[in-house]
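A.B. asks: Each chain, written out:
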Amino acid sequence: MTWETFPHEADIGVRGFGVTLAEAFAGVATAMIAAVCDPAQVMAREAVSIECAAPDDELLLVDWLNALVYEMATRHMLFSRFEVNIAGHRLKAKAWGESIVAARHRPAAEVKGVTYCELAVRQQPDGSWLAQCVVDV
Amino acid sequence: MDLKRLKQRGEFEWELPKSGAMRVPGIIFASRGLVEAMDDKVREQVANVAGLPGIVAASYAMPDAHWGYGFPIGDVAAFDADDGGVVSAGGVGFDISCGVRTLHTGLKLADIEAHQTRLADVLYASIPAGVGSTGTIRLDAAAMTAMLKGGARWAVQEGYGDAADLARIEEHGCVAGADPAAVSEQARKRQRDEMGTLGSGNHYLEVQVVGEIFDAAAARAYGLTAGDVVVSIHCGSRGLGHQIGTDYLREMVVAAPAAGIALPDRELACAPLKSALGQRYLGAMRAGINCALANRQILSHLTRQAFADVFPGARLPLLYDVSHNTCKEEMHKVDGGKRTLFVHRKGATRAFGPGHAELPQEYASIGQPVLIGGSMGTASWILAGSAGTEERAFGSACHGAGRATSRHEATKRWHGRALIDELAARGILIRSPSWRGVAEEAPLAYKDVGAVVDASDHAGLARKVARLAPLVCIKG
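Chains A and B, in that order, give the protein sequences. When we follow our numbering, the leftmost residue of the first sequence carries the number 1, and every step to the right adds one. When we follow our numbering, the leftmost residue of the second sequence carries the number 1, and every step to the right adds one.
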């Protein structure tokens, strides 16, 4: 499992794991999609490019997820595959997905925004990475 | 929550004494049972808010308070600009001016029983609901600016609803001081096709029947009798408000250290009221409030059309419209003197008591209607602002039942399809694009709304007027 959701009283926590920071960021993006619908139902038909930069890794995570929220909201898309590259505190990524089909995706809730609650980006004792936060739905 | 950390000040009032970085105490209005059931995170978050610069009197938690992000959901905090006070994007939240409005229908339960299924279907076809749904209204840049300035007043000018509606909306449907130039292009783009949409999550449109009446005089003033059918709409400022929250949270997080503000939790992000950033946020946030008011006004128009389709000649006058995620500039009495304060209500409803100058004349002797959403299987409530409420929590009360079970847990415990069937057997028709969405909003995932409104009543925040039972629920 490279991602999971975790409980928060009002909203949903999203968490990604990876050998690299970039993998963990891709995992947490999938977890955020899982807060909306079953990611396995989302086909990787078209790609959207995303770039962001931030003063630290935690803000970079918030920016990355918020960029996805924005793309989902304005393109009416859902995503299922992520290719993430991080150098310093700059991120370049491609997100593959497709337009929302309510009857097939049955999306449960839209993500309004990414919070700084339970926000963490850290390297684990075994050297792998964890990235997490709570998203407002 | 561990009661040992609190000092009981009354049967429904608990003090979290000042300690550490707290500038003022915390005050929780709730029964012993509700306080015991609150997560310890609520105490932590109430205390964090109490440590923000310029906070006045106390950090207040309403009876439905629960673990939020930054501020607890159900927190009220007022700040004085002249005392270094702040405005917090986290303290308003992403869904700026999320709120509830209730419309009369002029119909009785007996009038709609035979048409309930058709009404549910027509409403579901008329109200864009759920993730990715779009409205039919497209605003160009000039029209968007006019909407952000004018709120529900703009919507009425555009033909959505009646001028009479405006008197029954907080600030007469249009909050002053909105600054459309402080709203980003991204926020505008997110709103491009979302005018007149309900959204998802806990947002809904519900047809309800008035059950028990608890305060005959207030019910009379509000035009409510047992057996009346009403419609309540719960939603907010849609993508535009969400993006304003996103934009300014980040900007405030980054700017806080230079402003000398130490944040125990980045989600508390705030800026001094007397700063360019603080003023810019206030202007954008007020534009967000106007967007929410315009959106609920358009949804009311769509609801009226749907009702007229099923019940020709039906008229749906507005009872009232409340917002429960806002920061508002208000005058309040503090230590005997009047002060202008910036009152943050995050998951809390303004609840002005009888005689307040802001109230429409017909409600002046009663107090402000306080509209409380329950869950789709239980009850919603109409309360009235209690006398003296301005001296308790700056004229505020609860906003809903408050979640008791996380969405995560709810989807494990309940199945949407089974819930829909179970509710249908009880005469409650649910229409939703998502079964999982229904499961996440399962009635038992919420606290007992009855206990929450009882506590609001006994604590002197807002008194019970009428209980509403659901008949049809359109869930996003």
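Any given hint could turn out to be false.
Stated by the list, open to error - Below, simulated DMTMM-like cross-link-like pairs (lysine to aspartate or glutamate); rule was C-alpha separation at most 25 Å, straight line:
#1 A:Lys94 / B:Glu113
#2 A:Lys92 / A:Glu58
#3 B:Lys333 / B:Asp140
#4 B:Lys4 / A:Glu51
#5 B:Lys108 / B:Asp247
#6 B:Lys412 / A:Glu51
#7 B:Lys189 / B:Asp265
#8 B:Lys274 / B:Asp335
#9 B:Lys189 / A:Glu4
#10 A:Lys94 / B:Asp335
#11 B:Lys41 / A:Glu58
#12 B:Lys189 / A:Glu98
#13 A:Lys92 / B:Glu185
#14 B:Lys338 / B:Asp309
Calculated from the structure, these hints are not laboratory results. Please read these numbers as outputs of a predicted model, since none were measured by experiment.
A.B. asks: Now look at each hint and say whether the structure bears it out.
C.D. replies: Hints and how they fare:
1. A:Lys94 / B:Glu113: violated (52 Å)
2. A:Lys92 / A:Glu58: holds (16 Å)
3. B:Lys333 / B:Asp140: Judged against 25 Å, a Cα distance of about 43 Å means the pair is violated.
4. B:Lys4 / A:Glu51: Status violated; Cα separation ~49 Å.
5. B:Lys108 / B:Asp247: violated (46 Å)
6. B:Lys412 / A:Glu51: Violated - the C-alpha atoms of A:Glu51 and B:Lys412 are around 36 Å apart, more than 25 Å.
7. B:Lys189 / B:Asp265: With Cα atoms ~30 Å apart, B:Lys189 and B:Asp265 exceed 25 Å; violated.
8. B:Lys274 / B:Asp335: holds (23 Å)
9. B:Lys189 / A:Glu4: violated (31 Å)
10. A:Lys94 / B:Asp335: Violated, at about 57 Å.
11. B:Lys41 / A:Glu58: Given pair B:Lys41, A:Glu58 holds - Cα atoms ~22 Å apart, limit 25 Å.
12. B:Lys189 / A:Glu98: holds (20 Å)
13. A:Lys92 / B:Glu185: holds (22 Å)
14. B:Lys338 / B:Asp309: Measuring from Cα to Cα gives roughly 50 Å; hence the hint is violated.
Violation of the numbered hints given earlier is confined to hints 1, 3, 4, 5, 6, 7, 9, 10, 14; the remaining hints are satisfied by the structure.
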